[in-house]
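Engineer: Please take these sequences and the hints and turn them into a complete structure.
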Amino acid sequence: MDISLSEVAYLLTLPAGVRSLDCKVIYFIVNEDGELTEKHWNGKEYEDSVLISSEFRASPSARYLLDQNTRRVFFPSKNNTLKYAEYDGEDWTQNCVDRDGPIQLHPDSKISGCFDDLNGQIIFFQDPSGALQCIRLAENNECTPLPPLPKINQSGSIIHTAYKADDGGIHVFYIDDSGRIHVVKLATPESKWQDIVLETANFGSSQITNLAVTSTNEAERGFLAVVSGTTIVYINPRGELMEVGAIDNKRFDPSSSEECANELYRLGEKIVGALGGGKK
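1 is the number of the first residue of the sequence shown in UniProt numbering; add one for each residue after it.
Please keep in mind that the hints were generated in silico from the structure rather than gathered at the bench.
Possibly wrong hints are sitting among the right ones.
What the hints assert, rightly or not - No farther apart than 25 Å at their CA atoms in a straight line, the calculated lysine-lysine pairs in the DSS-like style are these:
#1 K39 x K78
#2 K250 x K24
#3 K24 x K44
#4 K185 x K151
#5 K192 x K151
#6 K39 x K24
#7 K44 x K250
#8 K270 x K24
#9 K250 x K39
#10 K250 x K270
#11 K185 x K270
#12 K44 x K270
#13 K39 x K270
Structural biologist: Structure, rendered in structure tokens:
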């Protein structure tokens, strides 16, 4: 199925989501009547609805990681521990991420993540103190820390998103208190994180509630974001900020130019692909 701009906009307002490996449906992760649910959208209607968990935080942030070997959704539990649900071909089963005990999260923590080149899963979150942390889950589910992230001097919830770059490095983006976008890069597991301010990308005073990259290719990378839960804005690769439209539930009201809409339509597959943790 082709991916429309309205589907991308709707996806950005949800806890998580990704396109299926056969490209026939989009898996939307929604909070439906107090249950974390996976809904299968084929572009015209929902084909199926599958319960993932009822033991999740009321307003969850989640991360869907999907490749040929892994289908997992990471999410915060009701008591703010990091959990994941894994699909075994028939059902979703739940597990706590264990690193010498359950991993505790900040009550407002976002969750982001991606795969690495060794088929591990890299997950980013805020700990109870508010500091941004990351862990790696190996193929055998062993949980190991990565090099410490740089200290981020920011209050409250940190808006962040992560992906594996085309060169194999791990990139996590976050928005600082002044609206600037930072990229924190890890070239190899043995190296140190580098925190770099993207001087051409700035959301100003906008109240960003979610963030996504438009491509894992740095040359064409832009950013889509949700402002105050209802307005979609876009920073293109040249650093130009523009409003794309408004989203209310699943209804999208576009307001961008035809040129901008066409550019985002062309990048739709890459946007949703990056949300699945791989490189596109």
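Engineer: Assess, step by step, whether the Cα of K39 is no farther than 25 Å from the Cα of K78, and give holds or violated.
Structural biologist: 21 Å, holds
Engineer: Below or equal to 25 Å on CA atoms is what counts here, so check K250 against K270.
Structural biologist: 21 Å, holds
Engineer: Given the hint that K192 pairs with K151, test it: the Cα-Cα distance must not exceed 25 Å.
Structural biologist: 13 Å, holds
Engineer: Given the hinted pair K270 and K24, is their Cα-Cα distance within 25 Å?
Structural biologist: 16 Å, holds
Engineer: Could you grab the alpha-carbon distance between K39 and K270 and see if it respects the 25 Å cut-off?
Structural biologist: Answer holds: K39 to K270 is near 21 Å, not above 25 Å.
Engineer: Quick one, are K185 and K151 close enough, alpha carbons at most 25 Å?
Structural biologist: Within the cut-off at roughly 14 Å; holds.
Engineer: Against the 25 Å threshold, does the CA-CA distance of K39 and K24 hold or violate the hint?
Structural biologist: The hint holds at about 13 Å.
Engineer: Assess, step by step, whether the Cα of K250 is no farther than 25 Å from the Cα of K24, and give holds or violated.
Structural biologist: The given pair, whose Cα atoms are some 19 Å apart, holds under the 25 Å limit.
Engineer: K44 and K250: Cα distance at most 25 Å?
Structural biologist: 12 Å, holds
Engineer: Below or equal to 25 Å on CA atoms is what counts here, so check K185 against K270.
Structural biologist: Distance ~20 Å between K185 and K270 Cα, so the pair holds.
Engineer: Quickly compare the C-alpha distance for K24 and K44 to 25 Å and report which way the hint goes.
Structural biologist: 11 Å, holds
Engineer: Can you confirm whether the C-alpha distance between K44 and K270 stays at or below 25 Å?
Structural biologist: With Cα atoms ~21 Å apart, K44 and K270 stay inside 25 Å; holds.
The structure agrees with every numbered hint stated previously.
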